[in-house]
Structure formats: C-alpha cells, structure tokens
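Just need the whole structure built from these sequences, with the hints factored in.
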Amino acid sequence: MAAKIELLKTACYFSKLDVASPGDISRFIFEKKLPAGETILWEGEKDEAVYFAISGLLKLFATSEEGREFTVRIVFGGDSFNDATIFDNGTSILSAMTMSPVLLYGLRRQDLGEILRTHSEVNSRIAEVFAGRERYYVKLAEELVFKSVTSRLARFLMEREKLARAGNEDIRVTQQEMASMIGTVREIVSRSLRELETMSAISLRHNQIVITDRNRLSELSGV
Amino acid sequence: MPVMPELDIELCTGCGLCVAACHGGGIIQHKGKVKIVETENCDFCGVCEAVCPQFAIKCIFCITSCED
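Note that the protein sequences, when read in sequence, are chains R and Y.
Residue numbers for the first sequence follow this note's numbering, beginning at 1 and rising by one.
Residue numbers for the second sequence follow this note's numbering, beginning at 1001 and rising by one.
The hints are all genuine.
Under the rule of at most 30 angstroms between Cα atoms (straight-line distance), these lysine-lysine pairs were calculated in the BS3-like manner:
#, chain 1, residue 1, chain 2, residue 2
1, R, K162, Y, K1058
2, Y, K1031, Y, K1058
3, R, K147, Y, K1058
4, R, K32, Y, K1058
5, R, K33, Y, K1058
6, R, K46, R, K4
7, Y, K1035, Y, K1058
These are computed hints drawn from the structure, not numbers from a lab.
Here is the structure:
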C-alpha cells in the first residue's frame, strides 16, 4: 500500500497533493500491468476510466480508413490518457498501445467525481495538465501544417538523439515508426533521410543514422 | 558483415513477398517460412519491412551522433 501511495504521487493529476491525501485517494485506484505490444484502448471505444502511465511507455495513435497510423503522443512518467472520456462521457479519441512493459493506474469516472469533491487541489492540477496538453496539440498542429516532412524528420532525429545522449543508450527505430510519429509514410521518410544526407546534416551508414552536424540539423528543423 | 533486418519467425506466414522484393538476395524461403541470410548486398533499403503484411520484418535504425 505504501508503495502504491508513493507511485500515485507520480501520476500527473496527483503530483501536488498534500501529504495526507494520497492514502485517501489510493482506494479508488486500480492497477493494470501489461507487456509490450498490447493494445489497451481502441479509438471510438467506450472506456470510462482515465489511465496514468506509472512506468513504461505507451503510444497514443490515430488510424486512417486506409490503415495508416499516426502516433499523436508518447505517454510515460505519470502522464495520463483517455482523459476526455471521463469528462465528456464520450468515446476514446485515440487508440493506446504499450511500447514496453507498463504499469498503469486507472481511475473510473464516478470515483474521480468523488475525489474532485473532497480534494480541491486536484481540480487546479487537472486544469494545469489540460493547459499543457493544449499547448502540445497546438504545437503539433503547427508542425504538421507549416513544416515540411524533412523539417519534421530533422526535429525528430534531434530530439531522439538528445534522449539517447541523456539516457546513454541507443535509440532504435524503424522507418515505419518514424513515419508514424511524424505523420507521413515510410517511402517519404526514406526520401527525406536521403535529403538530409544531401544537405550534410546526417550520414546514412547502413542501419545507422549518424548526425554529423547538429547545427545544420537544427537549422533544417526550424527550431 | 552488415547488420541485417530482424525477422519475427512467429509472425511470418511464409508468403514470400519479402523474398521477391529483396534485390540483394538477403531473404530466402526456408521450411515454409523465410530466413534472413547475411549478405554484403543488403543496403538496408527497408522494402522487405514495407511489403510484409504481418509486420514480421523490421529494419531497425540506430540514431547516433559523431559529434562530442
């Protein structure tokens, strides 16, 4: 129980709770442990719970009628997903799939109502989470509308390489995954990688994408 | 020998689309499924991954930097 309370504080809605509160709230929380590659939620489904990614990584994605996939957001570190369904009683906006083994904490709609009545600080924290989410989605929309695929790919490579350096581990990704994350198809990723190489920002060495000039890559990403 | 695409044999149905698509001879039909064979001719083009209807083949890139 103590471990659960500690982990609950990492969930984004509850990160600013006072000391006594988490124990009070934890009775409403249910756990789900899932392996990598599991689909937790399908777009359009009715699931009246919000989930927090306590450990592991998930991707939230949309799928077109033709079967193309677009990764809208990666969820990790206590971040939440499926929030909209518990506030507007609608269906899931996106599908969710685990990218690694995952521990989720879930909170049902009726229980959230009880928590909001008794813990007013959670209300303001949720508002902060949603404000941050709005900034993220506006930025995403701007990228998709105003930036070219090559520019989005440049930014993607920069961000992933930065993560690799911070975590001291390689980032491994397929062209299909890159396409899904930047809103395009595999063939265009392949072409854009060659374009970035022509512009001397990267070098393609068989299975390695080597960033040879970070400044140039940054310039091309428009950041 | 270069790094080769990765095959998840559990997902492979042996349809052979990847064998036909590979211009480097890096994939062969084998015991009802396929097998990746190491070859210098593999240029990691990613077409095998693209044509596989079961998502059994992955051409995994590593993002790295040569700068300090």
